[in-house]
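Asker: Next come the chains, spelled out residue by residue.
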Amino acid sequence: MSALLTENSSDYSRTMVTATSHGAADEAAWIRRAKRSDARAFESLYRLHVDKVYGLCLRMTGNVSEAEDCTQDAFIQAWNKLQKFRGDSAFATWLHRIAVNTVLGRIRSSQRERDRIQAVADTSSTPLALGDVGELRDLSEAIDRLPAGARHVFVLHAVYGYSHKEAGSMLGIATGTSKAQLHRARRLLAQQLKQQGFEA
Amino acid sequence: MTELNDDKLAAAARRLPTEISPERDLWPGIAEAVHAPRRALWTPMFAQAAAIVLLIGASSAVTYVAVSGQQGPVTQVAPELVFEQTAFGSRYNVGPGFQNARDELVAQLDLELARLSPQTRAEIAANLEVLHEAILDIDEALVRDPDNLMLQAKLVKAYREELSVLRRVGGLTRNVMMRNDI
Numbered sequence: 001m002s003a004l005l006t007e008n009s010s011d012y013s014r015t016m017v018t019a020t021s022h023g024a025a026d027e028a029a030w031i032r033r034a035k036r037s038d039a040r041a042f043e044s045l046y047r048l049h050v051d052k053v054y055g056l057c058l059r060m061t062g063n064v065s066e067a068e069d070c071t072q073d074a075f076i077q078a079w080n081k082l083q084k085f086r087g088d089s090a091f092a093t094w095l096h097r098i099a100v101n102t103v104l105g106r107i108r109s110s111q112r113e114r115d116r117i118q119a120v121a122d123t124s125s126t127p128l129a130l131g132d133v134g135e136l137r138d139l140s141e142a143i144d145r146l147p148a149g150a151r152h153v154f155v156l157h158a159v160y161g162y163s164h165k166e167a168g169s170m171l172g173i174a175t176g177t178s179k180a181q182l183h184r185a186r187r188l189l190a191q192q193l194k195q196q197g198f199e200a
Numbered sequence: 001m002t003e004l005n006d007d008k009l010a011a012a013a014r015r016l017p018t019e020i021s022p023e024r025d026l027w028p029g030i031a032e033a034v035h036a037p038r039r040a041l042w043t044p045m046f047a048q049a050a051a052i053v054l055l056i057g058a059s060s061a062v063t064y065v066a067v068s069g070q071q072g073p074v075t076q077v078a079p080e081l082v083f084e085q086t087a088f089g090s091r092y093n094v095g096p097g098f099q100n101a102r103d104e105l106v107a108q109l110d111l112e113l114a115r116l117s118p119q120t121r122a123e124i125a126a127n128l129e130v131l132h133e134a135i136l137d138i139d140e141a142l143v144r145d146p147d148n149l150m151l152q153a154k155l156v157k158a159y160r161e162e163l164s165v166l167r168r169v170g171g172l173t174r175n176v177m178m179r180n181d182i
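If you're matching them up, the sequences are chains A and B in order.
When you line the first sequence up against my numbering, it's residues 1 to 200, in that order.
When you line the second sequence up against my numbering, it's residues 1 to 182, in that order.
The hints are simulated quantities; they were obtained by calculation from the structure and are not laboratory data.
Be aware that a few hints might be false.
Dumping the calculated DSSO-like pairs for lysine-lysine here, alpha-carbon to alpha-carbon at most 30 Å [to be verified]:
{"id": "1", "chain 1": "A", "residue 1": "K194", "chain 2": "A", "residue 2": "K179"}
{"id": "2", "chain 1": "B", "residue 1": "K8", "chain 2": "A", "residue 2": "K179"}
{"id": "3", "chain 1": "A", "residue 1": "K194", "chain 2": "B", "residue 2": "K157"}
{"id": "4", "chain 1": "A", "residue 1": "K165", "chain 2": "B", "residue 2": "K8"}
{"id": "5", "chain 1": "A", "residue 1": "K179", "chain 2": "A", "residue 2": "K165"}
{"id": "6", "chain 1": "A", "residue 1": "K35", "chain 2": "A", "residue 2": "K81"}
{"id": "7", "chain 1": "A", "residue 1": "K84", "chain 2": "A", "residue 2": "K35"}
As the structure is a prediction and not an experimental result, all values here were calculated from the model.
Excised from the complex, chain A in its bound form (with noise of 0.2 Å):
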């Protein structure tokens, strides 16, 4: 287990673009002239933003493609709903709110995800590949091969930070059944980890 504590190259890890070069002020004018239909601020707010959105649909769907699909689908959706963001929350979470809504939606209506489903029940007694590029990355492929509900539940809660009351209202499940998602999804982690080898 010490080396999955290890970051290592990942996958994930090729362009971290935090977009802190620009400031809180600079984010609230794009949204108000993204308000008032302006493309380019709506733009600015795009490249500011992406990189949260996608890294949350991606972890969510376990799908590059999908991620891509959910992200193009948050942003329409957030341009389409922009007038009624009130600034309650910040702009991020409010984003947030809206790709987890496009991922489960999507879910909802795709065939393909219980395929995938169905997939990982049939492997999973197979141990992961052990990684030859870094822990992390075998971390992430044993969150990919989560069930769903235990997916989006450990992705929200341990990797974005989002409290359980938080992580259910995004889902639409009660604050228990986030936990016992998460009690889940750590012991199926477990498992999948120690067919690698990783030890406490």
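Put chain B on the given structure of chain A with help from the hints.
Answerer: What follows is chain B alone, placed relative to chain A:
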């Protein structure tokens, strides 16, 4: 090999990157939607909500008339109350039985309304017209989203409600006539 420690797992999860750059620029796909005209505010949800409100309004008006028992002199009915066949979007049509029943009721409507007071008549006419506009709006939304099952159901329901209102107007005027006879 021991159990994987929850704390270490949580710590590892927190170290996973939360911001990931997509492998390709996703903006062009978004820009298409952004540069398109803003989506109309009239969404299926709005249509459904409006239909419900209007149906409640129409029903309330008829109920009010029924319980108030008002009657007045017979006068000419306002000619502006016009009913039109809607298209049910581009792919739907009302059945012949349904349409015949509706046509009969609409044809009788002027005679029925003539038995009511001007105020009552105006209220019913206004509510039916608003209800009819709601039907047209749902129909228009169906043109844009013809496979929306909820919209289809709402449109059928709205038509049924319209028929129900027409029938209740008929029943109401028969009651008025009976009172006159007595």
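Asker: Run the distance test for A/K84 versus A/K35: straight-line Cα separation, threshold 30 Å.
Answerer: Given pair A/K84, A/K35 holds - Cα atoms ~9 Å apart, limit 30 Å.
Asker: Regarding the pair A/K194 and A/K179, is the alpha-carbon distance no greater than 30 Å?
Answerer: Status holds; Cα separation ~22 Å.
Asker: Holds or violated: A/K179 and A/K165, Cα atoms, limit 30 Å.
Answerer: 9 Å, holds
Asker: Would you mind confirming whether the straight-line C-alpha gap from A/K194 to B/K157 stays at or under 30 Å?
Answerer: Measuring from Cα to Cα gives roughly 58 Å; hence the hint is violated.
Asker: Take a quick look at whether A/K35 and A/K81 sit within 30 Å of each other, Cα to Cα.
Answerer: Answer holds: A/K35 to A/K81 is near 9 Å, not above 30 Å.
Asker: Measure nothing beyond the straight line between the CA atoms of B/K8 and A/K179; if it is 30 Å or shorter, mark the hint as holding.
Answerer: 18 Å, holds
Asker: Need the status of pair A/K165, B/K8: alpha-carbon distance at most 30 Å?
Answerer: 23 Å, holds
Checked against the numbered hints above, the structure violates only hint 3.
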